[in-house]
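Can you build the whole structure from these sequences, using the hints too?
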Amino acid sequence: MDGSAAQRSFTAVLRDAVRVRDCLALAAVPVLVAAVFLLPMETRRALAFAYHDPTAGSAYAAHFVHFRVEHLAANVLAYVLLAGFGYVLAALAGYRRLFAATAVTFLIAFPPVLSALNLTVPRRAIGYGLSGVNMAFAGLLGVVVVAYASQRVDHRIRVRHAPGVFFGALAITAVVALPSNTVSLAVAAAGVVVASAYFVSAALAWRTQSRRTPNSGSAFLPDVSSGWFDGGLLGSVLFFGYPFVGFPARGAVGGTQVNLYVHLLGFCLGFIVPYVAVSMGLFDADAGVADSGRGAGDSMR
Numbered sequence: 001m002d003g004s005a006a007q008r009s010f011t012a013v014l015r016d017a018v019r020v021r022d023c024l025a026l027a028a029v030p031v032l033v034a035a036v037f038l039l040p041m042e043t044r045r046a047l048a049f050a051y052h053d054p055t056a057g058s059a060y061a062a063h064f065v066h067f068r069v070e071h072l073a074a075n076v077l078a079y080v081l082l083a084g085f086g087y088v089l090a091a092l093a094g095y096r097r098l099f100a101a102t103a104v105t106f107l108i109a110f111p112p113v114l115s116a117l118n119l120t121v122p123r124r125a126i127g128y129g130l131s132g133v134n135m136a137f138a139g140l141l142g143v144v145v146v147a148y149a150s151q152r153v154d155h156r157i158r159v160r161h162a163p164g165v166f167f168g169a170l171a172i173t174a175v176v177a178l179p180s181n182t183v184s185l186a187v188a189a190a191g192v193v194v195a196s197a198y199f200v201s202a203a204l205a206w207r208t209q210s211r212r213t214p215n216s217g218s219a220f221l222p223d224v225s226s227g228w229f230d231g232g233l234l235g236s237v238l239f240f241g242y243p244f245v246g247f248p249a250r251g252a253v254g255g256t257q258v259n260l261y262v263h264l265l266g267f268c269l270g271f272i273v274p275y276v277a278v279s280m281g282l283f284d285a286d287a288g289v290a291d292s293g294r295g296a297g298d299s300m301r
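Residue numbers are given in the UniProt record's numbering: position 88 of the sequence shown equals residue 88, and the series is strictly consecutive.
What the hints contain is simulated information worked out from the structure, not anything from laboratory work. One should not assume that every hint holds.
[As the list claims (entries may be wrong)] FRET-style restraints, in silico, Cβ to Cβ:
1. Ala203 to Asp53: 44 to 54 angstroms
2. Arg45 to Ala109: 21 to 31 angstroms
3. Val183 to Thr55: 31 to 41 angstroms
4. Trp206 to Glu42: 56 to 66 angstroms
Glycine included, C-beta positions come from ideal geometry on N, C-alpha and C.
Below is the structure:
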């Protein structure tokens, strides 16, 4: 870690990065789903999305409807972990605007989009619950973890490396969610191959950069005692570990069939939307963010 990074501790930067108004805005979602849960059962059933009789209103509202306390608690906990940790990493990396714009998109545009895409699989059932939106935040976490690593851990990391972690998570998802057969193994293998290609490409780029600046190699080594490395590690564990929760092997929890299709859609779109936005240059790290952390940063691209 360089001199500028040593000036302020991880906890000091964290206190400055996390804003009360942002936390209150994020807390509005659990308050909303709790309020909907208090509605009469008949009202909640009317708000659920019936695939055989869809309405525009239920296409949006269904994502905030729950019928059991256990389902509500699980989704609220998942939201707090995914959205909360994603916000912290994005704020520390200087990508608060990216997180805000993406979160608004997830909460406003994604519910009807996910419901509409569900209609491609005809069935006589109803859909409800926050899990599809939660999976979008899980996908976003794959982008902000890389953004955080770039700004706070190792500046050789770029946003173009993010698909590597995404396809790695997809490989895990294929093994966890799909029946053990040739198809699931092929999907998992493809995910591993693509992820490996990104990691090899990144390693080659890092080696080339180290050769160009042979005396600065130590500047890229993460300071595991400062807290910055721990933040990235925890984010990575959450990102790669959540597929085991979001894609249960049995496909059913508590007698309710889990909609693995909408979970996969939410996860993929949740990664693709912010990744494309950053790759196109719509969002860059806030000016001067590196002055309070690991060192002089540059564009993620």
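Comparing the hints with the structure gives:
Checked against the hint of 44 to 54 angstroms, the C-beta distance between Ala203 and Asp53 comes to roughly 53 angstroms, which is consistent with it. Between Arg45 and Ala109 the CB atoms are about 25 angstroms apart, so this pair conforms to the stated range of 21 to 31 angstroms. The hint said 31 to 41 angstroms for the Cβ distance between Val183 and Thr55, and at roughly 35 angstroms that hint holds. Hint check: Trp206 to Glu42, Cβ distance near 59 angstroms, so the stated range 56 to 66 angstroms holds.
Figure legend: structure checked against the earlier numbered hints; every hint is met.
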